[in-house]
Amino acid sequence: MGLAIYALVSVPGTWFPGASTQFVGARAFTVSRGSAVADGDALAITATDATGLALIAANVDVRTLDYPIVAWQGSGFPANADVRFLWRTDYAPNKLNSLPVPIVAGRLAPLTMAGNPEWIGRVRGVALAVRGPLGEPARIAGVTLAPGGVTGQLRDVLGEWSAFEPWSGTSINTITGGAEVQALPLPTVLVVAGAIALAAWFVLAWRRREVAGLPAAIGVVFLAAWIVLDTQWAANLVRQVVATRVQYGGKDWRASHLAAEDAPLFAFIEKARAKLPPGPARVFVVADAAYFRGRAAYHLYPHNVLFDPFADTLPQPSWLKPGDYVLVWHRRGVQYSASEHKLRLGDGEPIAAEAVLVEPGAALLKVL
Amino acid sequence: MDALALIAGNALPWCLGAAFLLALPRRAIADNAGEVAWTAGAGYLLGAFLLTVWMRVLSLVGVKFGVLPIVAPLVVLTAVLAWLAWRRAPGAPAMTMRAAWHALLRSPGLEGAARVAWWSALAWLAIRFTLLAVEVATRPLYPWDAWTQWATKARVWYELGGIAPFARVAAWLAANGGVYFDASPEYPPTMPLLQVYQSLLLGRWDDALMNGSWWQTAIALALVLYGGLRSLRASALAALAGAFLVSSLPLANTHVALAGYADLPLAATYVAAALALLRWIAARDVRDAVGALVLAAALTQIKNPGWFWAATLVPGLVVAVWPHRGARIVLAGFALAAIALVALARFQLRLFNYDLRLTYAPAWGDLAESYFLLGNWHLLWYGALGVACLAWRRLFEPGLAPLTTIVGAGLMFLFVVFGFTTASYYITDQTTVNRATLHLAPLVVVFLILAWQSFAEDWNARHAQPAAA
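The listed protein sequences correspond, in order, to chains A and B.
Mapped onto the working numbering, the consecutive letters of the first sequence carry residue numbers 2 to 369.
Mapped onto the working numbering, the consecutive letters of the second sequence carry residue numbers 194 to 662.
These are calculated hints, taken from the structure and not from any lab test.
Not one of these hints is a red herring.
Examples of chain A residues toward chain B, derived with CB under 8 angstroms:
1) G170
2) P188
3) R296
The C-beta atom is built at its ideal place from N, Cα and C for all residues, glycine as well.
All chains, please: the whole structure from these sequences, using the hints.
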């Protein structure tokens, strides 16, 4: 009953629309600015470009009137990031429209587009622009264009509660309990329902003068609500275990890493390790993205690795000594001249070095 | 073969810790309700810590890490401690085990719906721990800090066969290869050493299987909750409810499945230390006092904030030792701490990578969202608040005052961290806030159960039906 009232009160647009929900998955997006990597079915934005901007875009073709709700499934956004939803319509094809996307607990909140004067005609393209410092990668699973409506609203709420929440980089910090952003969180609903049930019980018990059972009633209602939440969490855990087994089941340590999110980096590091001396060597790791600097260093231990965990910096030339190594993974501003055997890190002085291993976007260089 | 090596090797910390506890003097024979669960759970946490202490000793004297140098002396030590325990109370451990086994099978005297609830909760927990075991044994090291500041050390120490120092950039550059670098070189070595131990048992580096200690810690945490609550007069069903609540907290589960952070081991050790202290307050047994002290010491060696969490136990001790003046002493201590905080903040002090500052800017909205709306804690904070309101009359009576004071000190610590340091930023993006809260969460479960039981006793005394004439 409460859910139905909520759906009637909160629905944007018409109560009974004809359109069905459209989901544009991460695979449909292209990265126009910054860098991003596939993270399961999602896209992990690992770095912004030199101007501090990352931009992903996809083509769509929907009638704005049918879709008053736009919900980006994104997580891991710093509170001070400037995230904007961009779109073009056939009504004004040369105009790029923009709306800020609120960040709630690191996640992107849904936008109600009904009433927005620029949400008109047919939408031909949608994009998400992210400006600001990205510590850990921000993850985008896609965007949902929802028609709203009473049944749609109810379906959305139930869908949000039962949505699969796979492990992501932010899982260790926070668990949403279903969809990344929820209009009506399940714990709140259960607490309200539990309070009403207890109040009803107490009124009846008071009339019968049998209130001695209140502590037990509180305990039973509390545990029942907890079990409802835990059933949702357990179901999510089962789905996650199945997904993990599909990804890693039956594989040894190396094969598991070759099936992981950073498989190309791991494969390159394995080749680099074969070229490094057996004893621990000093290795400077550089990469645009903090994620890859850290992962490359982790895969290189027990070599004596130096990397910047927090900022995209380059080692100063004075730090490098003959016999040291520099491992480069997708880092702009690093130049190597094979003919002159010279390595230049950013604007620093060239250093004598030789390439030990070179692949597209990656290299292992030995300082001479 | 891997499974055999891991099972055999992992039996060592369980046995070592249990033998250590049982060898300590005790007034009563160990047949109290929940004693087996307590000894096993707290024993594992103690045994795992003592194991890493021994590894640090080996490294200090230059003995290369290997299964034999680590395991053999500890097996001998375990045997000696077990013999001491046997001498202290011949037959008692076997008798206690038999009593616990019978209690388990007979669902401690429960009947009807309570009996169904007992077995349902045990089955639910068994399924949960099975799922977590599959996940932790299958997924290679995944979460961020696990591979930037914890397992980094484990990999180096495993490959080198000893503890090599880690340092910041300047020291790394100056040492010319003599020290190592990672994102947090000053973090303590306990958890990486447990990963080294698992790798030694396996005989190879495997960054999925080396994380078995996190799963065992979760089991130990459930046992500690059940055994600790039982020994503090909670009914069998209430104690099992406590173990169920703590074992089903989504964020705690996540820290097992995505193993590699030190927050869950810190949380388990903290609640075990607090329960050992509460047990000592209740029974004044040397065993519990020593247990509390060693576990408090372990806190400082698991993660740097462990120093502060260990300090939050002191107010509980003060209130228990001086029941009449304790509350005033604690309040004066809190006031002094507040003054010291204000004074230190003027010097832009940096503590464990957080800048202490006077700017008071807690993000209450985000904090409330994290505690009450998201899925991190199920209904833990609703329950804790509700029970605190229901049982407020008895929170500072002798039975509950030490626990209430420790929980209060823990909440104040979190309040200071998130209100007056740069960590407040991490509330808004939901990073550190939940992990820091996880340290306190199991103790909040203990508070929830004991305060609810206290409320129930109070309510029943006032509203019980008069006996028929």
